[in-house]
Every structure is written in C-alpha cells, then in structure tokens.
Amino acid sequence: MATVSDVMVRTGRRGELGLLGLAVAVAVLARGLVDYHADYLELDELAIYAAGWIVVAGVIHLAIRRWASYADPVLVPAVLALNGIGLAMIRRIDFAYASRGRDTDFGEVQIVWTLLGIGLALLVILLIRDYRLLRRFTYTAGLVGLIGLLLPLMPVIGTQINGARIWINVFGKSLQPGEFAKIAFVVFFAGYLVSNRDTLALAGPKILGMRFPRPRDMGPLALVWVAAMLVQIYERDLGTSLLLFGIFVAMLYVATERLSWVVLGLGMFAVGAVLAGTLFSHVGSRYTAWLHALDSSVYSSGASEQLVRGLFGMASGGLFGTGLGEGRPDLVPYAESDFIVASLGEELGLTGLMAILTLYVIIVQRAMRTAIGVRHGFGKLLAAGLGFAIALQVFIVVGGVTRVIPLTGLTTPFLAYGGSSMLANWIIVGLLLRISDQARRPEVVTP
Amino acid sequence: MNEPIRRLSIVVLAMILTLMVAASYIQVIAAGDLNADARNVRTLYREYGTFRGPIVVDGESVVWSKAVDDPFNYQRTYADGPLYAAATGYYSIVFGRTAIEQTENDLLSGTADSLFWTRLSNLVSGETQRGASVELTLDAAVQQAAAESLGDSAGAVVALDPSTGEVLAMVTSPTYDPATLAGHDSATVNKNYQELLAQEDGPLVNRAIAGDTYPPGSTFKLIVSAAALEAGYDADSELYAPDQLELPNTSRTLGNYGGESCSANERQTLAESLEMSCNTSFANLGMQLGWGVVERKAEEFGWGEQLSIPLAVTPSRLPSNPDEAQTAMASIGQYDDRATPLQMAMVAAGIANDGVLMRPYLVDNVRDADLRVIEETEPEEMSQPMTRSDANELTDMMVGVVTSGTGTAAQIPGVEVAGKTGTAETGTDERPHTWFVGFAPADNPVVAVAVLVENGGSTQGEVTGGRVAAPIARAVMEAALASRGGS
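In order, the protein sequences belong to chains A and B.
Per my numbering, the first sequence runs over residues 1465 to 1911.
Per my numbering, the second sequence runs over residues 280 to 766.
Derived from the structure by calculation, the hints contain no laboratory data.
Predicted, not measured: the structure shown is a model, and the values here were computed from it.
Hints may contain errors.
A partial selection of chain A residues facing chain B, derived with a Cβ cut-off under 10 Å [claimed, not checked]: (1) 1477; (2) 1577; (3) 1662; (4) 1681; (5) 1684; (6) 1719; (7) 1760; (8) 1825; (9) 1831.
All residues carry an ideal CB built from backbone N, CA and C; glycine is no exception.
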C-alpha cells in the first residue's frame, strides 16, 4: 500500500522554527527593556543572552525533529515565550529589590531552572518513545503522587513556608513535591479511569432529571475528595487541593461522558470548602480576605494586604501598563512568584496580561487538540488531564490574584519564580510533545 | 471521549475568559477607585519617584529635586528655604503640598495637560517623565532686602512691579524652612511639623496674602483721597479738620494721633491732611462722600476680590452699611476695615501706574524639561480705579508725605519716593500694627511696596508706621531700584 506514504503529512517543524524565533525575540527584547530601564543595559551581555536563547531554541528544534518529529509545532514556542517573559519580569523585580537594598538573584536562578526544565522535557521525549508505556505504571504513579503529597507532612524534611506546609527540604533546597505529584496523579487517573470507565459510566438512580452513578461506584471520587480535604486542612494548601480534585473530576467526566460526575464533584467540593471554612480558622480567614478584601479592618489586620496591594499594582498599570521597569511591582509581597501576574499586569498593562492569558489558551487548546487527535483512550485522558492541569492551575493562581476565587499559594506555570513548578511544567510539555507526536504521526501500514 | 474533551476545552476557554474579565475590571473599571485609595502608596511613590521640576527665581533654582538612593528616588531640596517659603511652600510625603508646590503641582510633576506633547514625545523616545520648571516673578535682591529689613518682627512685605503686577517680593515673618518638612523620614517630618504648629506666632501662616487680614489704618486714607479726587476735590480743597470730631448719634468724639491738632483754624487742604495723616478731616471727608463712594473706590482697588496669584489670597473686607459714626471710623482704616499686605501694595501700585491696576502674579513662566516655554503669564489690567491726572495728583500728595510728612523715614537720597504711613489700633492693650505703603521713583515707578509690622515689631518706644514700617519699605525700594534701575 504505497499510496499512504505518498500523502504528505505536514510535520510543522519549519513553522515551529519560525515561531521559536518569535518567542526568542520576545524573551530577548523583554530582557533588553528591563536592563535599559534599570540603566544596566550592556549590549554584549544581552548578545550573550540572545545567543543562549538561540542555542536553546535550536537544540529544542533539533531534538524534536529527531525524537518527536510530528509533535505539535505551536506548543513549545508558546511555552518558551511565557518562560522568556517570566525571566525578564523576575530579573526586573531583582532590580527593584536591589534599589531598595535587598540583594536577590531570582532571575539568574530561574535561568538555571528553565534550562533544567527544558532538559527534562527533552529527556521525556528521548526516554519515553511511546506514551502507552506509562499505563504500565498506573498504580506506581498513584503511589508516587500520594507520597509526594504527604512528604511535606513528614518531620525533618517537611517545612512550612508562609503558612503552607507544602515544601520539603532536600540538600538545603526547598522543593514543592505537590507540583510533581500533580503529574503522577494525572498518569494514575488516566490509567485507572481508562480501565474502569465502563463501570463508572453505569447508570444509577435518577435525581432531578439527571442520571447519577451507582453509589457503590463512588468510592474513588470519595477517596480523592478526602485526600483533597486533608491537603486543605493539614497542609493549608487550598490551591493544590482544588487543583487535584478539579483534575480528577474533569478526567472522570471525559472518561465517562457523564455530566452527573461533575455535578457530584463540584457539590462535594463546595460542601467540603464550606465545612473547612467554618471548622478551621486558617481556611475561614482566607475566605474573609477574599470576600472583604478592601474592608479596612480586614486590610489592616494584614489578611488581605498582599491581595489588595496586588490589585493596586494592577490598577496602576491600567490598559497599557507602566512599561517594563517603570512600575513598582516590588510593593507587592512575593512579586516574583505568587504575584508575578500582578507585576506583569502593572508593567505590561491589561494588554500584556491579555496576551499572556492568550498564550495559556493556546497551550491548553493544543493539549485538548492532541487529546482529540490521539487514538487511544489512555492518551486522550492523559493529554486532556495534563492540559486541564495547566488551565486549572492558571485559573486558581490568576483567579486568586484577580479576586475571582480566594487566594491560594500555587505558582503561575512557566512565569513564576520557583524550581519545582518550572521542572514539573516542562515535564508536562515533554509529555504533551510525545503524545501529540504519536497523535499526528501517520499510521504505519503494516503489510 | 472526543465530545467531552471538546466540552472541556470550552470550559477551559470560559475559565480563562473569566480571568480576562476580572483583569479588565481591575485594570480599567475599578482602576480609578483603586488608584485613589488612600492605602495605595503606589500613587504617592510614583509622584515622588518622578523628577519634579525646579522652582526658579532670577534664573536660579531655589527648589529642586535631587536624586537620592531611597524608595522615593528624589529629595526635594530648598536653597534659602526660609527666605522663599512663603512663595514656594513645602512638598512633604506626610503633609502634602502648599503654595507654588501645590498650585503648580501638575506642571512640576509633569502631569499637566499642557505637557501632553512633551509626555508623548518622551513616550516615543523612551525618556522618563520629567516635570516642568516654574520660574517665579520674585526678584532675589528685593526678596532678600525685604526679609532682612523685616528681621525678627512679625509681619509681611509685598513688593510689586506697578507696570506689570509682577510680585517682586513676598515675605512673611516668622517663616520656616520647607526642608524640615520635605524629608523622607515621616517621624522626623511629623515632629518638625508639630513644632511649627505649636509656635504661637504661626510660622506656617503667610501673612502677606493669607494670614489674618489687618486693619489698614491711615493707609486707607489713600482710598478716601482717590474717591475724593474723583468726586471733584483736588489737593488744595479745604477740609474740615477739628481737633475733635463729634461722631454723629453717639456721645463719642474722634481725635487725632497723640491728641494732636491738625490745624489751628480747623481748616486744612486735602494734601496737608494726607501729609500729616489727619484723622478728623478724613473721617469727616468719608462721611461727606458717603460710604458707598469710598467702598466702590476700594473695590476698584481690589477689595472683596478672590485673587489667585496663583496662591489663594484672602479677600480684603470692608464693613457693609455702616452708620455715620462707623463710616467716620472706617474712613481712617479702623472699625471693620481689613486688608492683606498684598492688597495695600496693590493700592500703591494702582496709584503708581497712572491709575491702572495690574493683576498681581507670582509665576512668570513655565518651561518643560527641554526648556521650551509652555506657559507664560502676560501682564493683565485688572481695573482702572483712577484717571491718570487724579493718580498723578495723589502721587504728588504722597511725595509730600515722605518729604515733609509722617513718612520721612522712607526718603531715599536722589530719588523721589511717594508713600503713606499707617498706624492701626488693634485693641486697648496691644501695640498698634504699623504700615507703610509707597512706591519709587514717584515719576516713573519701578516698585510699589506695602510693609506691615504686627504690634510694632521689635521697635522700642513710640510705635508708628513712619518709625517702624517706613525704614523697611525704604530698604526694599532701594534694593528694587538697585536691581531694576530707577530712572
């Protein structure tokens, strides 16, 4: 059947190279602006930076050509653009802190994390030649995820930073195992759901015109719910709790095609959230800070100070922003990590923020596109789950900063300062590259 | 599974759209409120963090922003702070702004509408926003002379260029140093401010334009004289000048300063009356002219007007519908007459400028950071309270005051000085406020001046305008003549 090989399947690699050039230009230009406004612009240093980006983009391009030649061509450029903007903004905040006598090197450390992250993504497409391999590790992944989630609660290595116990100390470095647990759970959910979707989709009682699953099948959902509640209560991490539960419910819906699971899941989470809010003061105060952020009593108690300062920052940016290096993002605590979105909103304005959110839309839509294109149920669930994980994380962080939901401590993927998040999200990119490669690769016809 | 994935991607899109809506709300719709929020230090920092334009006197910056290494980036710096405080005001992170720092704030900070094109070109060229420089009309030499001659006495001096209305000197005493309020350590600034507030003599008050208004005393006789000249009197018109003037419908009488007699035969010319500052003749003249005539003349000279130079000037006041006895008292600048030193300088300036009163102003021009003039104050006629011939006649009478009357202490060798003294009773126990208003040279004036010394100042012994205020006015006029040339 020689006709099949005659059909030209566009790999999109050349287009990807063009987009990579664009992403590199954004990253270098952003850094140039930051340096210029900090009166620090040295062209040879910027040239080295640009050269570094070109080499990195080139390596990525060649690696994808070699090991995943049919991979989605838009994904990496979009991620790289976000990463470049993040690096520039973090460097800019270093300058802002320096002008106030606080010496930080977040920008340089983040470059190292970025390179490590890209390396991990490439390692993923090099080592995992077929994503279906992961299905074998379904329950291992579940266990790894659970351990990752529980590690911060362990004595000695677990540390509490800023009220949330989501960190572990490894060789003097703080890591957020929850970021990696997220990936493990998506793999576990995908493997588990693809095997059990038929049972879970069985019809149960009909309530209010909607067919609900059989009560005896609700075990897994209940289990994940309990885990999410425990995270929220003991690790004081509303974000991770919401993230994991949300991913599970979304994947459950994709697997079973039953909306009733979503209704059930959202209902359970709402009950849990209200319950936690009433029973535990640290959860309750988060809600108060969210609902009454601008009240002077709440503000002066410090509960909503960070949130409101972020709002002030974004407001001062307005439509077009103050310009990179021209605002005062350093007036918001954690401007380089949790509140980098407020920093970007201040200096790049609503226009810049819209562009950034659009990049996320592109990344997530490519993941969804991959899920639709891939042929196996496990791959569909994996790609949709990973894509949704990024989307939900963005929603939780940016929604927290913009007061759509209560503020939590998650990091903005690819933008915020933080090693764990950078590594984990690049691993997701690697996985999506691999799945999309297999999704778009023309069927090899066996004679 | 494709259908739920498609639905999920729509949900994802909706989630991010929600974020976009929320961001739009914060950055556009609610931005105004958030930026105006008192807790938002960002607005403050931004304002203080941009280069604020200097305030210039005679081509030299007396106030400027110096780059410093702290969160505010710039430190407002005041050279000769106490000397120019009345005009410049202060610029404080704790207490805001006053005087020129306040009224010209949008120009100094660079946010004024008139700086739009400058800002636009800065945006294109990537330069940071810089405020405009504001050049004052003050003459450094005149200002310096006024402050030195007034010394420690509480009071004020205002000097005007009669032909333009430019404020050449505006001094108030006691004064303060704006630098003590411009620091970036709010505790120190707070302490300094409280100390200034606690001082009884009110160093933060600008007595020249916005302090308590003062009874003008005998200097008000210039207004009555001007009204009389308009009503057909001339310098030689004979007035009734008794030793004691009976005040109608009262049992009281009005005498002259120190119980002196104005004239042996109770008759005296208008010129003689002004020269020796006779009370009874002017009180009687006021009653004969009628209060309405005097009041209108005063209003033509600026009484009751809400001036902005652009510092807000407290309007000078007159009694409304006084009876005859009150008219008599008001005609010699007592009773409910009140005036700012600026108002009295305007009276001198109006007479000096051939009867045409120019609107006083303190800001000469405003230049953007590239030294392009973006605003320039054009001299403007405010009113014409006197005809040229009446003004010249009154000038001659005022020359008489200085050459042979109560104002001899204001004489300047080789220069004809016109003036009028004033000694205003303020109460039974207090020493009187002393005034001198005048201009020089009489035939072609370059400076008109008003001096007020509260309660006689530090002068010992007899307290009169001629003794206390006239020498100060002379020093100011001498400085102006030296600096601006008196031909």
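To see whether the hints hold, each was checked on the structure:
1. 1477: This interface hint is violated because 25 Å lies over the 10 Å limit.
2. 1577: violated, 25 Å
3. 1662: Check failed: Cβ of residue 1662 of chain A comes no nearer than 12 Å to chain B, outside 10 Å.
4. 1681: violated, 18 Å
5. 1684: violated, 18 Å
6. 1719: This interface hint holds because 7 Å falls under the 10 Å limit.
7. 1760: Interface hint status for residue 1760 of chain A: holds (8 Å vs cutoff 10 Å).
8. 1825: At about 5 Å, which falls below the 10 Å cut-off, the nearest Cβ of chain B leaves the hint on residue 1825 of chain A intact, so it holds.
9. 1831: The hint holds - residue 1831 of chain A has a Cβ within 10 Å of chain B, the shortest such distance being about 9 Å.
Checked against the numbered hints listed earlier, the structure breaks hints 1, 2, 3, 4, 5; every other hint is satisfied.
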